[in-house]
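J.: Please work from the sequences and hints to get the whole structure.
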Amino acid sequence: GENVEQHPSTLSVQEGDSAVIKCTYSDSASNYFPWYKQELGKRPQLIIDIRSNVGEKKDQRIAVTLNKTAKHFSLHITETQPEDSAVYFCAARTGGNKLVFGAGTILRVKS
Amino acid sequence: GAGVSQSPSNKVTEKGKDVELRCDPISGHTALYWYRQSLGQGLEFLIYFQGNSAPDKSGLPSDRFSAERTGGSVSTLTIQRTQQEDSAVYLCASSFKGAGNQPQHFGDGTRLSIL
Chain F
1 GENVEQHPST
11 LSVQEGDSAV
21 IKCTYSDSAS
31 NYFPWYKQEL
41 GKRPQLIIDI
51 RSNVGEKKDQ
61 RIAVTLNKTA
71 KHFSLHITET
81 QPEDSAVYFC
91 AARTGGNKLV
101 FGAGTILRVK
111 S
Chain C
1 GAGVSQSPSN
11 KVTEKGKDVE
21 LRCDPISGHT
31 ALYWYRQSLG
41 QGLEFLIYFQ
51 GNSAPDKSGL
61 PSDRFSAERT
71 GGSVSTLTIQ
81 RTQQEDSAVY
91 LCASSFKGAG
101 NQPQHFGDGT
111 RLSIL
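Listed in order, the protein sequences are those of chains F and C.
If you use this note's numbering, the first sequence closes out at 111, no skipped numbers anywhere.
If you use this note's numbering, the second sequence closes out at 115, no skipped numbers anywhere.
Since the hints were made in silico from the structure, they are not lab data.
One should not assume that every hint holds.
Heads up, incomplete: computed chain F residues facing chain C, CB under 10 Å, no partners named [claimed, not checked]:
#1 SER18
#2 VAL20
#3 LYS22
#4 GLY41
#5 ARG43
#6 ARG51
#7 ASN97
#8 ALA103
C-beta: ideal position from N, C-alpha, C; glycine also.
T.: Structure below.
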């Protein structure tokens, strides 16, 4: 079955700097890759997603890149702000409908 | 409703008791998913519904866990004879369709504590 690895487990950046979180997946049939942001005690919120027929997608300060050959995808947050501090989860979806999640990255933005 | 609704928000029960967790998906969403999130961990898939049927139950950890969905809407996750390792946040998500890459939207979860 699908396996998703996420790195780093924790990331501290200075406000205004960029943050990059990387995930690798094992199943070449995976075709959908969402990213969720979860603040403490709250529900995971979808922040961006990418489908396998696209290499990059941007939404304001957030971008996701996908390398199907290498089976990895990354989340890029530019001009980080304190409110970006949260746990970020990547996920991959294969031919079935379930999402397989990475273990999460705790992002701390220091002001 | 406006979003996925789960109840109760918190549940504390004694080991060995049965518990029922409820999920009310976004209106019109045909696909419904249950996940489990242990403290500081990622999300673990439990079961997926398309309408009232469950094509994928592969994540249910044991036969003490079961789920049903009626009327293509509300779902109930039941844990029988609860154990301390069942303590976690149980999250429900729904999406417009199961097929195709439709985003999953999560509820706030039920925090289950087994004493």
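J.: All hints, please: hold or fail.
T.: Tested hints:
A hinted interface residue such as SER18/F counts as satisfied when its beta carbon comes closer than 10 Å to some beta carbon of chain C; here the least separation is about 24 Å, so the hint is violated. Because the beta carbon of VAL20/F sits about 19 Å from the nearest beta carbon in chain C, more than 10 Å, this interface hint is broken. About 15 Å separates the beta-carbon of LYS22/F from the nearest beta-carbon of chain C, more than 10 Å, and the hint is not met. Because the closest C-beta pair between GLY41/F and chain C is about 9 Å apart, less than 10 Å, the hint holds.
The interface hint given for ARG43/F is met, as the beta carbon of that residue sits about 4 Å from the closest beta carbon of chain C, less than 10 Å. At about 5 Å, the closest approach between the beta carbon of ARG51/F and any beta carbon in chain C falls short of 10 Å, and the interface hint on this residue holds. Proximity of ASN97/F to chain C holds as hinted, the smallest CB-CB distance being about 5 Å (cut-off 10 Å). The restraint placing ALA103/F at the interface with chain C holds, with a minimum CB-CB distance near 5 Å, inside the 10 Å limit.
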